[in-house]
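S.K.: Protein chains in written order, with the numbering used here: chain A, 1 to 345; chain B, 1 to 247.
Do not rely on the hints blindly, as some may be mistaken.
[Claimed, not checked] Where chain A lies over chain B, by a calculated footprint (3+ residues, C-beta under 8 Å):
1. 9-17
2. 55-69
[Said to hold, decoys possible] Over 12 Å on every C-beta distance to chain B, these chain A residues come out as not near it, computed from the model:
3. L169
4. L318
5. G332
Treat the hints as calculated values from the structure; they're not laboratory data. Beta carbons: idealized from backbone N, C-alpha and C, even for Gly.
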Amino acid sequence: MENPYSGKSIIIGAVISGLILGGVNTYVVKQFGFSTTTALKDAVVSLQFWFLGALIIGNTIRFYFPKQSRIIFFFGLVVTLTALWSVLTGFTLHFVQRRILGYSDFFELSLPVRVAFTLLLFTALSMIFAFLNILNEQHLSEQRNLEAQNLARETELNNLQEKLHPHFLFNSLNSINALVAIQPENARKMVQQLSDFLRSTLKRDSKEWVNLSKELEYLSLYLEIEKVRFGHRLQSNISLEESTEACKLPPFILLPILENAIKFGLYDTLDEVLIELKINCSQGMLTIEVSNPFDPETAGNRKGTGYGLKAVNRRLFLLFGRTDLLQTKAEGNIFTTKVLIPQIT
Amino acid sequence: MIKVIIIDDEPLARSIVAEFLKGYPDVSILAECGDGFQGLKAIQEHQPELIFLDVQMPKINGFEMLELIEQKPDVIFTTAFDEYAIKAFETNAIDYLLKPFSKERFEKAMHKWEQWRNAKTSIQPQHANDFSGLEQPVQRERVVVKHGSLIKIIPVQEIEYLESADDFVKIHTKDGAFLKNKTMAYFEQTLSQQEFVRTHRSYMIQIAQITRIDPYEKDSFVAVLKSGKKIPVSRSGYPRLRAALGL
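Produce the complete structure using the sequences and hints provided.
M.R.: Below you can see the structure in the form of structure tokens.
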């Protein structure tokens with residue numbers, strides 16, 4: 001993107017202010033009874049050194065913008081340049097207008113006004129350039145941030161998608177391997193389920209939000225496969241409020257949470273594992289609670305959130321800029337992960 | 001008759017091993033177990049010659065279960081995780097079957113075991129189950145110990161300090177001390193250097209438990225723990241302790 005604080009706009013601004021300044025200067029000098037030519041010459045000489053001053057200010061700030069004691073720096077710069085301007089303009093005009101009657105006296109008389117005006121002009125210019133410089137820096141850093149974020153987002157999503165969970169895949173294939181001999185019909189069914197699951201995983205666009213019903217179909221498929229693997233040990237219950245029909249959510253948010261709950265439940269307890277999903281949508285917020293049993297005595301070494309949840313939290317932060325959308329709590333021997341998805345209308 | 005036990009938390013995974021074993025008429029499957037606790041019980045009860053063992057299982061994993069057995073049977077691991085292969089072979093496993101495995105691959109493993117069994121009975125009967133000190137230094141998050149008939153899982157954060165006691169290591173926690181059939185060197189390798197420091201030939205402390213270090217006689221110190229216990233720091237242990245605390 002082109003930097004909006006340099007180039008054309010500055011040149012146009014300089015030409016317009018130059019014309020105004022020159023015009024006013026000529027007019028004022030004419031008021032004191034000098035000819036148009038004399039007045040114009042006066043204006044042109046003043047203007048030319050003003051431009052020189054502006055150029056020096058602009059470039060100084062562009063290439064050297066102090067981080068500290070800015071006020072002293074600008075004060076010094078403006079005073080020095082004003083002094084320089086006075087000397088140069090004085091000498092030049094004296095030389096150019098030396099034959100004009102009364103001009104010398106007029107110049108000496110008007111010098112304090114000219115100096116005061118130049119001081120003001122240069123101060124104003126320094127402020128404008130400093131301001132533009134700060135804006136420009138901000139703009140650049142914003143752009144950098146945005147780029148970094150986009151990059152991070154892309155790589156993270158790639159990584160997440162690449163994790164098609166080889167263990168899940170191989171263990172499922174192993175189950176199919178067993179079923180082929182003892183329950184061929186179920187083997188066929190599981191091949192179908194696994195294919196459907198893999199297809200929708202691969203087909204998913206990482207950016208496009210999905211309908212809740214679609215997402216639930218996807219999760220059910222996953223649950224069904226896991227139930228074949230773990231037999232009666234794994235049970236699930238999904239409770240859904242009617243108001244959730246129109247809700248949408250980003251892809252790849254719920255599956256890691258469900259996976260985490262299943263893993264946590266299955267490997268931390270010995271009994272049957274009931275995974276519960278409670279979904280509700282109100283006031284523009286989709287709330288999904290996933291709970292699993294766990295053993296508070298031995299759960300300490302799992303540190304509550306696994307890798308999967310960390311990645312979900314990171315994704316939610318990238319998407320919504322909020323860190324409070326993923327919450328976990330342990331009550332008795334039930335561990336609950338709650339995720340909030342703001343509904344963007 | 002060859003006594004075999006299958007330990008895997010997935011019923012179908014057990015059934016495929018059972019199915020492949022049908023081709024071996026002299027093999028008898030005495031038990032199928034869904035977790036390490038059942039596995040331990042069944043092994044003690046039946047004293048099998050060979051077990052098929054999954055790694056990831058509820059509560060305690062396959063390696064942790066093996067650590068708790070004194071008379072270890074021969075082991076063939078069956079798992080979908082290839083990252084455990086090195087560790088498995090370092091526990092002298094007969095073979096490591098990656099799920100899903102074919103019948104041919106399974107038969108190869110059985111053949112390997114039969115060869116091993118014949119060699120074992122004729123040459124060195126004891127060597128096969130010498131598990132000590134051979135494990136790869138994989139960092140532990142917990143230690144599983146047997147306490148009477150109970151099995152206790154101790155997260156490493158709950159360990160106050162370790163004390164060597166003859167052939168064992170005494171693991172001190174707020175719930176008391178537990179014995180583990182390992183060496184101090186083993187724990188020095190497998191516990192995180194950021195979390196534990198060996199302050200003495202016979203002691204290793206969890207750094208987070210230390211509240212202060214007091215001088216003790218000349219040239220030696222004691223580390224005072226949160227629980228008030230005082231642990232000796234030897235002359236060579238002191239610099240290690242200082243380094244661990246960032247002094």
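S.K.: Enumerate the violated hints, using their earlier numbering and listing them in ascending order.
M.R.: 3
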